[in-house]
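Novice: Letter by letter, the chains look like this.
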Amino acid sequence: MKKIKKRLLLPSFLRHNQSSKKPGQAPGTLLFTGEKRLDNVLMHLYDYDVEHLSEHDISEIDDSKPYLDSPSKTWINVCGLHDIEKLKEIWDYFNLHPLIQEDILHTQQRPKIEEYSEHMFFVLRMMSILDETGELKVEQVSIVLSQNSVLSFQEDDYPIYEPVLHRLRNAAPRLRKQGPDYLAYALIDTIVDHYMKVMEKIGNEIEELEDEILQKSDESIPEKIHALRRKLIFFRRSVWPLRDSLNSLLREESHLVHEENKIFFRDVYDHLVQIIDGIENYRDMAMGMLDMYMSQVSNKMNEVMKVLTIIATIFIPLTFIAGIYGMNFEYMPELGWKWAYPAVWGLMIVATMGMVVYFRKKDWL
Amino acid sequence: MKKIKKRLLLPSFLRHNQSSKKPGQAPGTLLFTGEKRLDNVLMHLYDYDVEHLSEHDISEIDDSKPYLDSPSKTWINVCGLHDIEKLKEIWDYFNLHPLIQEDILHTQQRPKIEEYSEHMFFVLRMMSILDETGELKVEQVSIVLSQNSVLSFQEDDYPIYEPVLHRLRNAAPRLRKQGPDYLAYALIDTIVDHYMKVMEKIGNEIEELEDEILQKSDESIPEKIHALRRKLIFFRRSVWPLRDSLNSLLREESHLVHEENKIFFRDVYDHLVQIIDGIENYRDMAMGMLDMYMSQVSNKMNEVMKVLTIIATIFIPLTFIAGIYGMNFEYMPELGWKWAYPAVWGLMIVATMGMVVYFRKKDWL
Amino acid sequence: MKKIKKRLLLPSFLRHNQSSKKPGQAPGTLLFTGEKRLDNVLMHLYDYDVEHLSEHDISEIDDSKPYLDSPSKTWINVCGLHDIEKLKEIWDYFNLHPLIQEDILHTQQRPKIEEYSEHMFFVLRMMSILDETGELKVEQVSIVLSQNSVLSFQEDDYPIYEPVLHRLRNAAPRLRKQGPDYLAYALIDTIVDHYMKVMEKIGNEIEELEDEILQKSDESIPEKIHALRRKLIFFRRSVWPLRDSLNSLLREESHLVHEENKIFFRDVYDHLVQIIDGIENYRDMAMGMLDMYMSQVSNKMNEVMKVLTIIATIFIPLTFIAGIYGMNFEYMPELGWKWAYPAVWGLMIVATMGMVVYFRKKDWL
Amino acid sequence: MKKIKKRLLLPSFLRHNQSSKKPGQAPGTLLFTGEKRLDNVLMHLYDYDVEHLSEHDISEIDDSKPYLDSPSKTWINVCGLHDIEKLKEIWDYFNLHPLIQEDILHTQQRPKIEEYSEHMFFVLRMMSILDETGELKVEQVSIVLSQNSVLSFQEDDYPIYEPVLHRLRNAAPRLRKQGPDYLAYALIDTIVDHYMKVMEKIGNEIEELEDEILQKSDESIPEKIHALRRKLIFFRRSVWPLRDSLNSLLREESHLVHEENKIFFRDVYDHLVQIIDGIENYRDMAMGMLDMYMSQVSNKMNEVMKVLTIIATIFIPLTFIAGIYGMNFEYMPELGWKWAYPAVWGLMIVATMGMVVYFRKKDWL
Amino acid sequence: MKKIKKRLLLPSFLRHNQSSKKPGQAPGTLLFTGEKRLDNVLMHLYDYDVEHLSEHDISEIDDSKPYLDSPSKTWINVCGLHDIEKLKEIWDYFNLHPLIQEDILHTQQRPKIEEYSEHMFFVLRMMSILDETGELKVEQVSIVLSQNSVLSFQEDDYPIYEPVLHRLRNAAPRLRKQGPDYLAYALIDTIVDHYMKVMEKIGNEIEELEDEILQKSDESIPEKIHALRRKLIFFRRSVWPLRDSLNSLLREESHLVHEENKIFFRDVYDHLVQIIDGIENYRDMAMGMLDMYMSQVSNKMNEVMKVLTIIATIFIPLTFIAGIYGMNFEYMPELGWKWAYPAVWGLMIVATMGMVVYFRKKDWL
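Chains as they are written, first to last, in full-length UniProt numbering: chain A, 1 to 365; chain W, 1 to 365; chain B, 1 to 365; chain Y, 1 to 365; chain F, 1 to 365.
Careful, some of the hints might be misleading.
Copies of the same chain are indistinguishable here, so a pair counts whether it falls within one copy or spans any two.
[Unchecked claim] With a cut-off of at most 27 Å between alpha-carbon atoms, the simulated DSS-like pairs for lysine-lysine come out as follows: (1) 65 <-> 300; (2) 224 <-> 300; (3) 300 <-> 216; (4) 177 <-> 88; (5) 306 <-> 224; (6) 361 <-> 306; (7) 262 <-> 88.
Quick caveat, the hints were computed from the structure, so don't treat them as lab data.
Since we're looking at a predicted model, the values are computed, not measured.
Can you make the complete structure from the sequences, with help from the hints?
Specialist: Rendered as structure tokens:
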């Protein structure tokens with residue numbers, strides 16, 4: 001039961017069991033480390049320039065030849081990473097470096113940007129909030145930028161790039177006019193924009209957690225804070241390396257990304273900096289919440305102790321007095337006195353009042 | 001009720017709900033993310049040189065043409081960011097880069113300074129203490145520096161730049177003589193001076209919180225410290241990126257900011273460094289206060305425990321003795337002895353005194 | 001008994017007793033600081049090029065002469081470091097710098113990469129999970145890269161490089177074709193891949209520890225977290241310096257590592273960065289778990305206190321009432337009243353109910 | 001009463017109420033932010049070279065003309081910053097940049113070193129222990145180094161530079177021979193030497209606090225540690241920026257500080273590094289003391305709880321037994337037995353001894 | 001008594017009372033800040049080259065003239081720093097810069113390496129474990145490297161350099177052949193090797209402390225951890241600056257240290273990095289131990305509370321029942337019933353059993 005609750009708190013992408021490649025495998029040994037999410041590998045081809053846009057679902061990579069040979073820009077979005085042979089065909093067709101191939105398949109990859117002689121290679125972690133369930137969906141996404149085309153790979157057919165497609169179809173002038181580097185920018189920007197949404201959701205969670213702590217601090221809160229911190233660790237781990245890579249990209253000369261388009265990559269960089277900033281702040285807040293929770297627990301215990309102490313301190317002496325006159329000695333002169341019983345009551349009332357005054361002074365009541 | 005209290009502690013600008021742009025929107029898609037604070041977009045134009053100053057409230061940006069064409073310096077302060085069409089006219093008139101346009105509208109922007117081919121663009125977060133209520137007012141402010149003019153944008157018509165205006169009207173020599181880069185400096189300096197005031201206010205809050213902790217440590221203190229830490233996080237987040245941007249500005253060549261005026265920007269930089277320094281110190285102090293509070297709570301609990309322990313430890317054995325002689329056995333020789341009752345009293349007094357001595361030795365009394 | 005338990009938690013490689021060399025010994029004074037794990041020094045020689053591969057177990061280093069003189073690449077794997085005279089022969093044969101010799105023997109060496117005039121020297125710490133017992137095995141491994149050969153040293157004959165051998169025997173084209181620098185890369189990559197396995201194991205341990213904390217938090221948990229933190233410290237200490245050295249290697253010109261093979265070393269570097277990243281995250285999580293554990297202990301104590309307080313607060317006053325009417329005064333009118341006894345019961349029930357209502361309001365029940 | 005105590009702990013210089021300049025004031029608007037400490041502005045003029053030294057108290061800055069015009073070196077020490085008009089005369093006479101003027105008056109200035117075209121400007125925070133009271137005295141000190149003269153400003157006439165004067169009067173060869181840059185060094189070195197004294201005093205305070213914690217940990221200790229931490233924050237804030245400025249000075253070419261004298265500034269720099277080092281260590285120690293205090297409080301509470309538990313656990317069962325035989329049932333056969341009373345005593349003694357054995361085993365006694 | 005114990009924990013070198021020079025003293029004012037440890041200043045002279053070695057104890061520095069003038073290398077080891085006049089003679093003979101002279105005497109110097117025109121100056125802190133007592137001995141050591149000689153200064157005649165001497169006497173080839181820079185390296189290496197020994201000892205202390213915490217956590221542990229942390233702070237402070245200085249030395253050109261010998265200094269540098277690494281790890285472990293101790297204290301208190309709660313919760317209700325039937329009302333029908341007494345016993349047994357079941361369920365028993 002506890003187990004189930006935990007599963008809710010820590011989504012599956014936080015599991016540590018990265019089934020990494022076996023030690024010593026040759027670099028370039030291809031092994032898909034994710035789970036199969038689609039039946040077939042799907043390939044969507046978009047061929048466009050300022051004037052026209054044509055879309056095709058192709059099943060063999062050779063079908064893309066006429067488009068790639070034409071001077072227009074070509075974007076091929078490949079969905080599904082489980083059919084290595086099929087992918088191998090595509091890669092060989094584009095002459096991708098073995099290390100690129102390995103990284104596309106290895107879905108626990110650290111986000112990075114690498115420039116090879118003919119390609120620029122981007123690995124990113126797509127994070128999106130599913131509209132229906134509000135759940136977080138994590139997926140590895142790779143983008144290969146060539147001289148005249150963009151190849152993108154994703155694990156399933158979730159429509160990540162819908163907004164870019166929309167602009168492409170609506171003939172957004174800059175997107176149509178600029179080269180494939182601008183398309184690559186647009187794709188990455190879409191992904192980073194999704195990060196913003198995730199940030200917002202985490203922000204809301206923090207607000208709620210703070211409210212919860214302020215109103216009633218039940219025992220599940222440390223767990224929730226712990227889960228939040230793990231989420232933030234995971235999130236930071238997905239964003240931080242991308243920022244670093246982008247920074248290198250901005251500072252270095254590249255023959256695939258034009259100088260004039262670098263300003264857009266700089267904009268993405270700024271967004272990433274802002275997101276990382278936010279993550280650090282959220283982590284600070286999470287620590288602050290834990291402190292607040294801990295001091296509330298202390299305060300509560302203090303209050304419990306006070307109640308016990310007040311009750312015990314008032315009644316224990318009274319019970320002692322009653323005990324005295326419950327003794328059965330034959331020679332206890334007080335027992336025979338007529339006003340003794342009311343006198344004892346009086347004594348008790350005075351003692352109680354003294355205690356109350358003392359506690360008032362101590363600020364306990 | 002708790003809820004209301006919290007709202008007082010955490011002002012609205014600390015809410016996380018940054019309504020960011022929708023993922024995948026084209027850069028340059030204009031969408032105002034703040035709240036409408038004015039009915040109309042107001043434009044105040046100031047045209048000045050050493051000799052003269054003329055002020056105009058204009059309603060169409062075309063009205064500024066004669067002033068901009070003249071060799072005198074021109075400053076246009078635009079209040080209100082909700083009427084995008086109006087703003088679009090202004091921007092197109094000044095030929096602003098789409099990314100500048102987007103950043104002006106996106107009011108959760110990270111402060112930064114960016115140089116474009118024709119413009120230098122500053123985004124800052126204005127923070128001021130309202131004189132009447134002592135409340136903190138937060139507003140995004142953008143400044144666009146051109147060859148011969150300064151454009152400034154703010155969300156409402158709060159008189160941020162009053163002191164600069166005052167000096168302009170009083171013909172402050174340096175301000176009137178120097179180019180628009182000096183005016184930009186003066187505007188930024190005014191904003192940074194407001195940060196100093198905010199620092200002072202937070203400093204006072206810390207003083208008060210420390211007094212409160214020393215005098216009586218009620219349970220709301222962790223909450224207050226948490227709110228203080230969030231404020232400091234927000235504040236640092238507003239100042240830190242500006243410092244970095246300014247640092248880059250100082251080290252790089254710029255055709256819009258003259259070498260001789262850089263010393264003034266360096267002065268602003270120094271103030272920002274001092275402010276960030278102060279924020280870090282305040283954060284350390286906030287941590288220190290929490291430690292102090294926590295140790296006070298511990299001390300209090302310790303004291304409560306001691307009272308309970310002293311009372312219980314003295315009376316529980318006495319009650320036991322009384323209980324003994326309250327037993328109803330037929331053959332209890334003591335019960336018949338004449339001096340038994342005073343002897344029991346004596347025993348009790350001795351036991352109590354022994355306890356008191358023990359507690360004295362333990363330093364509990 | 002406790003002692004034994006600890007030994008299980010903290011494996012021997014975490015012991016601090018680094019029997020370092022005696023102060024003031026000349027650099028180059030050869031002294032083996034590990035434990036003898038083999039009877040004899042074993043030397044395995046592999047001579048290969050694209051066409052052929054020949055394997056030999058040699059007993060004298062002179063036997064390797066014909067292979068070293070041939071243009072094919074030669075790899076000699078030396079197992080066992082206790083027989084210094086034998087090793088000395090090998091080193092002198094290869095003309096190794098005295099500091100290299102010292103570092104090979106000093107098995108508590110900090111991992112590093114150093115370039116000498118004729119050799120490139122790598123010291124690494126091999127960490128592997130033994131398949132049978134799941135135990136962690138730690139061993140120092142040195143690799144000396146020369147113009148045409150690779151010398152590797154390990155403490156015993158554990159088959160670290162099995163996967164590389166496998167590829168060599170299966171004529172993996174790149175491995176056979178490339179120079180000894182690629183072989184060195186392959187050896188190091190194999191070792192780093194083992195780190196990934198270790199990471200995975202630690203990840204599992206963290207998962208289990210988290211489950212344990214959530215389900216029942218017994219008193220051994222802080223100990224376990226402490227042991228985990230020590231492991232992470234040790235692990236980081238083994239990986240961090242290697243990353244730094246590799247970074248230097250990548251940035252500097254080297255006549256032993258070819259530019260075209262640097263991309264592979266960069267891949268290893270990326271893996272190390274990812275591992276260090278993961279270690280930092282695990283350390284954060286360990287801290288988070290401790291916080292969670294501590295707040296659970298606090299919560300439990302709170303609960304214990306509540307039970308005590310509720311019981312004591314209800315029964316102490318009742319016992320007092322009973323004590324009152326157990327007094328033996330002659331003149332206690334209530335004692336003679338017929339309905340007094342049930343009235344006292346009523347009073348007691350009412351008092352109890354009042355208490356219960358009070359505790360409900362306080363949210364203690 | 002508490003208030004007074006606090007004032008003793010937190011000296012006035014730690015107050016946050018920095019009455020900074022009003023937002024938007026022109027740079028160069030002169031406003032003294034400290035408190036008036038002297039009636040008049042005092043000016044001490046020292047004119048010296050290898051051969052001679054002449055000292056004069058001048059009242060008008062024009063009186064210094066003959067000395068400044070002579071080739072000998074001139075040092076003017078100005079005491080008192082409240083009379084802005086007088087100061088303005090001096091500044092204008094020396095043609096100081098408006099930003100220098102503003103910084104001299106703004107007594108909450110961050111320490112810094114700035115080079116202007118004709119001057120090098122140093123702002124430092126003088127901290128000294130008053131011999132009589134052992135109190136800490138804080139004062140802002142500015143030094144303006146020109147080609148042939150040194151101008152120094154301080155808030156009152158406290159003899160900060162006494163040791164330098166002493167050496168000047170005793171014709172210390174290097175001081176007399178070297179240029180004004182060496183004098184500036186000597187002045188700064190004197191101030192930094194005072195920091196050493198302050199360090200020593202804080203060190204003694206830490207020793208005392210540690211002793212106090214070890215001997216008896218009364219409740220004022222967290223407060224004292226907090227005050228100590230605030231002092232260290234303030235101290236670091238005074239020293240750190242100076243170190244940074246000095247570092248820049250050492251690395252850059254300057255026409256006012258000669259290369260051959262830089263070694264002396266490097267010596268000052270080393271002292272500052274040592275001081276900052278010490279401050280960091282003191283901060284670590286302060287944290288350590290708090291940890292030690294907190295664990296002592298925990299230990300004490302533990303001990304209190306143990307005493308309570310032992311007493312309650314022994315006597316509560318005994319009282320119960322006594323209660324049993326205090327019941328008034330008519331048919332309680334034990335009451336009539338002759339040996340029942342001693343038997344009950346026996347039972348009680350056995351129970352007590354059992355408890356004692358149990359507590360011994362638990363290591364509570 | 002507590003005081004004495006503390007003195008044992010915190011050795012005298014951790015005292016803060018650095019009797020620094022008086023503020024404002026001229027640089028070069030010579031004042032010995034340590035304690036006199038020897039009666040006379042001792043000077044040991046070693047003159048050597050590949051062929052010969054001659055050793056002399058000289059009493060006047062002039063006696064060293066013939067050796068210094070000869071082409072062979074000369075090492076003079078000076079023991080004792082209290083006789084400033086004698087030292088002054090030596091320094092003047094070697095023409096040492098006044099700042100060097102001051103630093104040799106000021107025994108609380110921060111370790112550093114400084115290059116002057118004719119000399120390279122090393123200040124180090126010697127730390128060694130005395131074989132007899134296991135105590136830590138701290139001493140400042142200075143080394144002055146000249147073109148053809150090495151001057152070393154130490155506070156007493158403790159044989160720090162024994163191992164170097166041993167190698168010198170045994171005609172270790174490299175030491176005899178290389179120049180004085182190699183000798184300086186050998187001396188420093190000896191000192192750094194002693195640090196390793198100290199590390200080992202601290203490591204053992206940590207092991208012991210961990211064992212102690214695991215077995216029985218008595219109240220002196222926080223104190224011991226605090227002392228350990230102070231030791232580590234002191235140790236780091238002695239090593240860290242040396243590492244930095246050495247790093248600068250390695251990167252800069254020097255006419256006193258030959259390029260070919262730099263590899264040996266790099267080796268020392270590596271050792272220092274390893275030591276600092278270890279210190280950081282020890283500090284982490286110390287923090288971990290404190291956390292572990294604190295959670296054990298919490299656990300213990302929890303256990304104490306549980307025992308109290310169980311006893312009180314079982315017996316308080318029973319005592320109440322006994323109290324009820326101890327009341328003396330005339331009309332209490334139960335008192336006359338024959339089976340009432342056993343029935344009460346039954347009730348009590350049932351209540352107790354219910355409690356036990358409840359505690360079992362709560363996992364308290």
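Novice: Hint by hint, note whether the structure agrees.
Specialist: A quick look at each hint next to the structure:
1. 65 <-> 300: neither (72 Å within a copy, 69 Å between copies)
2. 224 <-> 300: Both: 20 Å inside a chain and 17 Å across chains, each within 27 Å.
3. 300 <-> 216: both (11 Å within a copy, 17 Å between copies)
4. 177 <-> 88: Intra 31 Å, inter 23 Å, cutoff 27 Å: inter-copy only.
5. 306 <-> 224: Close across copies (24 Å), not inside one copy (29 Å); limit 27 Å.
6. 361 <-> 306: This pair counts as both: shortest intra-copy Cα distance 14 Å, inter-copy 16 Å.
7. 262 <-> 88: between (32 Å within a copy, 24 Å between copies)
Hint violations for this structure: number 1 only, all remaining hints satisfied.
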